[in-house]
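For the sequence shown, the numbering used here gives the first residue as 1, with consecutive numbering after it.
FYI, nobody ran anything at the bench for these hints, they're computed from the structure. Each residue gets a CB set at the ideal place from its N, CA and C atoms; glycine is no exception. It is possible that some hints are incorrect.
Claimed, not checked - Distance ranges between label pairs, derived from CB positions:
1) N17 / L134: 51 to 57 Å
2) L5 / E103: 18 to 24 Å
3) S178 / I33: 42 to 48 Å
4) K53 / R176: 25 to 31 Å
5) R40 / M107: 30 to 36 Å
6) I94 / Y123: 18 to 24 Å
As the list claims (entries may be wrong) - Restricting the straight-line Cα-Cα distance to at most 25 Å, the calculated cross-link-like pairs of lysine to aspartate or glutamate (DMTMM-like) are:
7) K98 / E171
8) K53 / E103
9) K98 / E43
10) K120 / E156
11) K131 / D146
12) K101 / D126
13) K53 / D126
14) K72 / E156
15) K182 / D146
16) K120 / E43
17) K182 / E103
18) K72 / E43
19) K72 / E21
20) K169 / E27
21) K72 / D46
22) K101 / D146
23) K169 / D146
24) K120 / D46
25) K131 / E103
26) K59 / E103
27) K98 / D126
28) K59 / D126
29) K169 / E156
30) K25 / D146
31) K120 / D146
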Amino acid sequence: MRQGLLSTAISYGHHTNVLMETYRKDEATNVVINSYQNFRSAESLDGSVTLVKPLLNNKWATVTTLGVSYAKLSASSGLGGARPSVFLSSNHTITLPKGFKAEVSGMYMSPMTFGGLAFKSRYGLDLGVSKSVLQGAGTFALNVSDVLNTQRNRYEVLNAGVRSMNVGKAESRFVRLSFNYKFGKKTVKPSKRRDTGVEGEKGRMDLN
Numbered sequence: 001m002r003q004g005l006l007s008t009a010i011s012y013g014h015h016t017n018v019l020m021e022t023y024r025k026d027e028a029t030n031v032v033i034n035s036y037q038n039f040r041s042a043e044s045l046d047g048s049v050t051l052v053k054p055l056l057n058n059k060w061a062t063v064t065t066l067g068v069s070y071a072k073l074s075a076s077s078g079l080g081g082a083r084p085s086v087f088l089s090s091n092h093t094i095t096l097p098k099g100f101k102a103e104v105s106g107m108y109m110s111p112m113t114f115g116g117l118a119f120k121s122r123y124g125l126d127l128g129v130s131k132s133v134l135q136g137a138g139t140f141a142l143n144v145s146d147v148l149n150t151q152r153n154r155y156e157v158l159n160a161g162v163r164s165m166n167v168g169k170a171e172s173r174f175v176r177l178s179f180n181y182k183f184g185k186k187t188v189k190p191s192k193r194r195d196t197g198v199e200g201e202k203g204r205m206d207l208n
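With the hints as constraints, model all of the structure from the sequences given.
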């Protein structure tokens, strides 16, 4: 596959009984109260283009996806605001000498508005290295996710007179060391099979 492969994907979704977190301000105390509320429906539309491209005589494999995501809640003007987001992800695997492989993955998502919440941009970087051993039967792999520790959920509330900035951060930076081993024979002897006349005729019909 020296020329590469380009593929596209489009999806549409209609969702019912959507559970969303909502915010309101108590006018007497100015306290912001958040709760969950069911909404009748929401629509979503996603599209992406993915390029799989080998480089350097297949020693460098790349997978890059560019897409857009849009979602809108069927609600009042304050909660029904919507803004699409553009996302980009790219994965690179490089084959190195002596059975080593290096992998770099990065992603970026632009700001998006949905259900009265204005989400800020997100981005992250993952790194990995692996070593093939035991004549290719075993593989040691070391992976670090979210190397820069930037994966966090940042959003601003834009409804019911509430203006607040929120940040949610779950643990996302992990270091994993693993070993995989392939058991059994690497080659399988082909089974002997003899077609009957009926099976042969059926195969020819399927090809037509």
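Hints, one by one, checked against the model:
1. For N17 and L134, the hinted distance range of 51 to 57 Å is satisfied, since their beta carbons lie about 53 Å from each other.
2. With their beta carbons about 19 Å apart, L5 and E103 fall inside the hinted range of 18 to 24 Å.
3. Our hint of 42 to 48 Å for S178 and I33 holds, since their Cβ atoms are close to 45 Å apart.
4. Taking the beta carbon of each, K53 and R176 are about 27 Å apart, inside 25 to 31 Å as hinted.
5. For R40 paired with M107, a C-beta distance near 32 Å keeps the hint of 30 to 36 Å intact.
6. Look at I94 against Y123: about 22 Å separates their beta carbons, and that is inside 18 to 24 Å.
7. Restraint check for K98 and E171: not satisfied, since their Cα atoms lie roughly 34 Å apart, outside the 25 Å limit.
8. With a C-alpha separation of about 15 Å, the suggested pairing of K53 with E103 holds against the 25 Å cut-off.
9. Proximity of K98 to E43 is assessed by CA-CA distance (about 51 Å); at most 25 Å being required, the pair is judged violated.
10. For the hint linking K120 to E156, the alpha-carbon distance of about 8 Å falls within 25 Å, and the restraint holds.
11. A hinted pair counts as satisfied when its Cα atoms are at most 25 Å apart, and K131 with D146 qualifies at roughly 21 Å.
12. About 14 Å separates the Cα atoms of K101 and D126, which keeps this hinted pair within 25 Å; it holds.
13. Taking the CA atoms of K53 and D126, the gap is about 20 Å. The hint holds against a cut of 25 Å.
14. At most 25 Å may separate the alpha-carbon atoms for a hinted pair to count; K72 and E156 meet this at roughly 17 Å.
15. Restraint check for K182 and D146: not satisfied, since their Cα atoms lie roughly 29 Å apart, outside the 25 Å limit.
16. The hinted pair formed by K120 and E43 meets the criterion: a straight-line CA distance of about 21 Å does not exceed 25 Å.
17. Pair hint K182 plus E103 holds up; C-alpha atoms about 21 Å apart against a cutoff of 25 Å.
18. Under the criterion of a C-alpha separation no larger than 25 Å, the hint pairing K72 with E43 is consistent with the structure, at around 5 Å.
19. This hinted pair checks out: K72 and E21 have alpha carbons roughly 15 Å apart, not beyond 25 Å.
20. Annotation: proposed proximity of K169 to E27 is violated, straight-line Cα distance about 30 Å (limit 25 Å).
21. Annotation: proposed proximity of K72 to D46 holds, straight-line Cα distance about 12 Å (limit 25 Å).
22. For a cut-off of 25 Å, the pair hint linking K101 to D146 stands: about 19 Å separates their Cα positions.
23. As the CA atoms of K169 and D146 are separated by approximately 12 Å, the hinted pair is consistent with the 25 Å bound.
24. Between K120 and D46 the alpha-carbon distance is near 19 Å, which keeps this suggested pair within the 25 Å criterion.
25. As the CA atoms of K131 and E103 are separated by approximately 12 Å, the hinted pair is consistent with the 25 Å bound.
26. Note on K59 and E103: the hinted pairing holds, with a Cα-Cα distance of about 12 Å set against a maximum of 25 Å.
27. Using a Cα cut-off of 25 Å, the hinted pair K98 and D126 holds, with the two alpha carbons roughly 23 Å apart.
28. A C-alpha spacing of about 20 Å is found between K59 and D126, which places the hinted pair at or below 25 Å, so the restraint holds.
29. Among the hinted pairs, K169 with E156 is consistent with the structure: their alpha-carbon atoms are about 15 Å apart, no more than 25 Å.
30. About 36 Å separates the Cα atoms of K25 and D146, which puts this hinted pair outside 25 Å; it is violated.
31. A C-alpha spacing of about 17 Å is found between K120 and D146, which places the hinted pair at or below 25 Å, so the restraint holds.
Against the hints set out earlier in the document, violations occur for numbers 7, 9, 15, 20, 30.
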